[in-house]
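Go ahead and model the full structure; you've got the sequences and the hints to work with.
Protein chains in written order, with this note's numbering: chain L, 1 to 291; chain V, 1 to 291; chain R, 1 to 392.
For the record, the hints were derived by calculation from the structure and aren't laboratory data. One thing to keep in mind: the hints can contain errors.
Said to hold, decoys possible - Now the stretches of chain L that chain V is said to cover, found in silico as 3 or more residues with beta-carbon under 8 Å:
id : segment
1  : 72-86
2  : 95-102
3  : 109-119
4  : 140-150
5  : 225-235
Stated by the list, open to error - Computed far set for chain R versus chain L, every beta-carbon distance over 10 Å:
id : residue
6  : Ala49
7  : Gly71
8  : Pro76
9  : Asp210
10 : Lys251
11 : Gly277
12 : Ala295
13 : Glu298
14 : Tyr321
15 : Pro336
16 : Leu339
What the hints assert, rightly or not - Computed cross-link-like contacts, DSS-like style, restricted to lysine-lysine with a CA-CA straight-line distance of at most 27 Å:
id : chain 1 : residue 1 : chain 2 : residue 2
17 : L       : Lys84     : V       : Lys269
18 : R       : Lys301    : L       : Lys55
19 : V       : Lys169    : L       : Lys290
20 : L       : Lys142    : R       : Lys225
21 : V       : Lys169    : L       : Lys282
22 : R       : Lys301    : R       : Lys373
23 : R       : Lys248    : L       : Lys126
24 : L       : Lys142    : R       : Lys251
25 : V       : Lys106    : R       : Lys200
26 : V       : Lys168    : V       : Lys275
27 : R       : Lys302    : L       : Lys55
28 : R       : Lys248    : L       : Lys142
29 : V       : Lys157    : L       : Lys290
30 : R       : Lys301    : R       : Lys385
31 : V       : Lys168    : L       : Lys290
32 : L       : Lys290    : V       : Lys81
Note that CB positions come from ideal geometry on N, CA and C, so glycine has one too.
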Amino acid sequence: MEIFIAQLISGLSLGSIYVLLVTGFNLMLLVAKIIQFAYPQIVVISMYTCWWALKITSNKLLIIIAGITVSVALSLLSEPIFRKISSIKDVDINATFIASMGIAMIMMDVMSHSFNYGFPVAFPPKWIGGNILSFGLITISKGQLFALVGGVIAVSVFFYLLYRTNQGRFFRAIAENRLAAELVGIPITKTSIFSYFIVGILGGFSAILFSMLIGSASPWLGEFVALKMLAVSIVAGLGNLHGGLVCGLLLGIIEAIAVGYISGSWSNVIAFVIMLAVILIKPEGLFGTKI
Amino acid sequence: MSEVLYYFLGFSAIYILMGWALYLPYRVGQLNYLIVACMAITAYFGGFAAREWNWPFPVILIIGIMISTIIGLIFSQAIGKAPCFTVVIVGLTSVFIVKTVIENWKLLGGTVGFFHIPNVNGMLIIIYGLLILVGFLIYRIDHSRWGRAASVVFVDKDVAVSLGVDIKKIGMFFQIVSCAIAGMAGTLDAFLVRSLSPEFFTFGMIGYLMCILFVGGYTTMWGVIFSAFFLQGIPLMFPSSIASWRQVIYGALLVLIILLRPEGIITRKMLWRMKPKAYFPVNTQIKNSKS
Amino acid sequence: MKNKLMRFSGIFTIIICFLLISSINIFGQEVQVSEWNIPFLNSITGPIASIGEYMSWSAYRAADEINAAGGVRGKPIKIEVIDTGVSKDKAMEEMAKLVDSALVVMGPVPEACIMAAVPIAVKAGLFSLVSSTSYEYAVEYFPWTLSWYPITEEKLPPITAAWAKLHPDMKTVVQFVENWAAWPPMAEAHAVGLESAGVKMLSQVDVPTDAIMFGPLVLKALAQKPDGIVLTCNSEKAAKIIIELVNKGWKDMAKILVFSSADDTALYTTGGDSIEGISIYNYIDLNLDDPRWQAFREAYKKDHDGIEPASLSTNYYDSVYMISEAIENTGITGDPAKLAEERVKIRDYCRNVKGFKGVQLTWDMTDGVPAGKGTFLFEIENGEKVFRAMAK
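As structure tokens, then:
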């Protein structure tokens, strides 16, 4: 039982990573109508920024600001590219997926070429923090707690913004019917740019939580999580925020339990087999697509 | 013939086959990454059958195509008319699962790899012979009722349905043909390289195939031919200091093409314009009558 | 008078003939190149770019040292690093470019590239020094490669047995294994050594290549209540597993053994203070009291922000020296007409060199397999590696 609870906690913290990524990804999908496959790479570059900032200063607020600023800047920088693509006649959402794949390739290669000789960067223990709770094998580290609580807060704030504010109504209206939203006077471009800004903040925030939870960043970290982010989002149903939340946490837990209780190398593949089975049975995702 | 030219031509042809395998299902808006899994399966099957059972190459090639066709047939039952990203994730998870199976299968060399696949004389001639054959087949498909129906499905599924097109059937057809071509490419690849490793079939290969399809142009079968030679040749032409940035070059090309020429370098309109003027006698008559 | 004249002309003719013959001989031995170009197929982009970077660095350093000392047969050495990434077709095409002209090749580095490209070199009779890989890969292409390391099944069991002997109370061990290239066979060899020392191997924990969090894996290992841990995975993952083990209350750090390929920069940068006390086996002794090694170490640290050289960092440094020795001692001329013959000379010299003085060790090669190359066992004490045992 002790192992099971400990695995559950590990799975939840892993799941919180997927949730944060899927939420940002889904927002881009709903409001800006883009498949932002390079989103995890933006998060990783933001993690690198925090690492640099940590070398210069120990002021945590400054480090957080640096991480978020870079993430917002990268997110906003990609906006004109995607806006131009979306404005092209006869081009569908697939084009944004392809362009973001190109952006991800560039970001990953630049990181492996030019950042820290291609070595992974590690965050110091004072940044990560130790255990808050320790009961046999059941432990909760500061990073895990922050990721879980921070993740819940971030997603809650985001949901509040989406369902309780005017801006959120704009977002949802655009997601529902872009043309109708434009007809009733919703500023499409402004709202769309704002969504990039929000996703940038969420990305920076995720970077800080990841740095505390994972403790290091490498050029290929983005690629590792990008596939799972896309998989979770599709299994849940593209653009389905609630579905992403549930499936993200579920994937984390399934991965942890599979590793814990299934012997041999095959445990690594269990999560993928389950996802494949779900998609084959329900191609529209477990919770239905929203786009 | 120099060795460089031999491998350049050999790989270009295999990537053209794989590019076409990606191109066909994209005619109905599906990105079928299952082709990479098929390629891995038939490559390993071919290598093993040749080295361990001494099977002749033609038999291996035919059985390889049959295996991948069956895989395509099974999967297409579930994802024949699935949305693009569902097909994407089915492909990605399949690649991951196939890789894990190979890694754990000691008979296939596991993670170490599979060495010394027997040499087949005149490999380049065989590859190009098959390439022409497949090219002819795709040309016929493109200019058949299936090809025209696919063009309608790509633009608007509802219109296609109202015109009596069976979307699932057409999706299934393209997926099966695409898997069969990938199976052929896998066998040829195994006999060209003469070694196999699970590391040959990665996410990087998917990125490269995407580049080939979208840089060259996804609206005709000719774009893939152009970009396979072009992209394979770029790193060979540049000095190694520049060639080491090839991932950045590929990524940048992908983004630029989507922005500036979303249908790729070779488009249908371009081919249309290249056709001799005499091809349009009606227009000429109208023009003459006006003057 | 006539006789004298005839005798003189006879002597003159003999002298002229002698001079002519000797001049032909001298010209035949003369170096025909302005510099010794040594291509190095390396991976300086992609997932192992960091390893590729220091391998290039060490090859350049060796060339600089040799050139500063007058070059090889009076001509400088030029290392031409060619990036293959981890792409098999790039490696094959680049190798194909070299088969007509290169005297010898260093690399490729990633195992997938070795498998794809070395057969081309073998076919063309071009010797490739694949000095970063293990015996399993090199042996497949003998005699056109050599193995930088002794046979895995012979090399590794003694070192894990030596580690077990240092901890007689260690009865059970769990091994973490990442499914990558030759690591699973290395893991098997670790187990053989431990079992020979009376240690029971518990269920292995597989480390996924794309793992980002290690809590579940560590819990799986600890659920078996092992006395010791062996880490056969990459350096970053090894460091994170150790951090997780410490978080879950692991105390006896010396009973964690990290294998050689994980003794890389990321183990130290990611592991930080958490790796204090762990055991590591590898092939270089950082504290070796040798001026040449210490100069290498200092230069490496200077160019890498103070980071210590990794276990694989000396391989291509020594390879460059081995090639230059081969050129020097076998009278290679670089004459394109003698290319095939001189490639064989270099191959035969390197595969059977005796008493080769590497920057760390001196060893003999017998038919492409090294002998007398030891494996060191260290423990981390106050951030420094302290020697514990050596196995040959």
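To see whether the hints hold, each was checked on the structure:
no.: 1; hint: 72-86; in the structure: holds (count 3)
no.: 2; hint: 95-102; in the structure: holds (count 6)
no.: 3; hint: 109-119; in the structure: holds (count 3)
no.: 4; hint: 140-150; in the structure: violated (count 0)
no.: 5; hint: 225-235; in the structure: holds (count 5)
no.: 6; hint: Ala49; in the structure: violated (3 Å)
no.: 7; hint: Gly71; in the structure: holds (29 Å)
no.: 8; hint: Pro76; in the structure: holds (27 Å)
no.: 9; hint: Asp210; in the structure: violated (4 Å)
no.: 10; hint: Lys251; in the structure: holds (13 Å)
no.: 11; hint: Gly277; in the structure: holds (16 Å)
no.: 12; hint: Ala295; in the structure: holds (21 Å)
no.: 13; hint: Glu298; in the structure: holds (18 Å)
no.: 14; hint: Tyr321; in the structure: holds (24 Å)
no.: 15; hint: Pro336; in the structure: holds (35 Å)
no.: 16; hint: Leu339; in the structure: holds (35 Å)
no.: 17; hint: L:Lys84 with V:Lys269; in the structure: holds (22 Å)
no.: 18; hint: R:Lys301 with L:Lys55; in the structure: holds (19 Å)
no.: 19; hint: V:Lys169 with L:Lys290; in the structure: holds (26 Å)
no.: 20; hint: L:Lys142 with R:Lys225; in the structure: holds (25 Å)
no.: 21; hint: V:Lys169 with L:Lys282; in the structure: holds (18 Å)
no.: 22; hint: R:Lys301 with R:Lys373; in the structure: holds (25 Å)
no.: 23; hint: R:Lys248 with L:Lys126; in the structure: holds (18 Å)
no.: 24; hint: L:Lys142 with R:Lys251; in the structure: holds (20 Å)
no.: 25; hint: V:Lys106 with R:Lys200; in the structure: holds (23 Å)
no.: 26; hint: V:Lys168 with V:Lys275; in the structure: violated (34 Å)
no.: 27; hint: R:Lys302 with L:Lys55; in the structure: holds (18 Å)
no.: 28; hint: R:Lys248 with L:Lys142; in the structure: holds (14 Å)
no.: 29; hint: V:Lys157 with L:Lys290; in the structure: holds (18 Å)
no.: 30; hint: R:Lys301 with R:Lys385; in the structure: holds (16 Å)
no.: 31; hint: V:Lys168 with L:Lys290; in the structure: holds (22 Å)
no.: 32; hint: L:Lys290 with V:Lys81; in the structure: holds (18 Å)
Hint check: violations occur at hints 4, 6, 9, 26; the rest are consistent with the structure.
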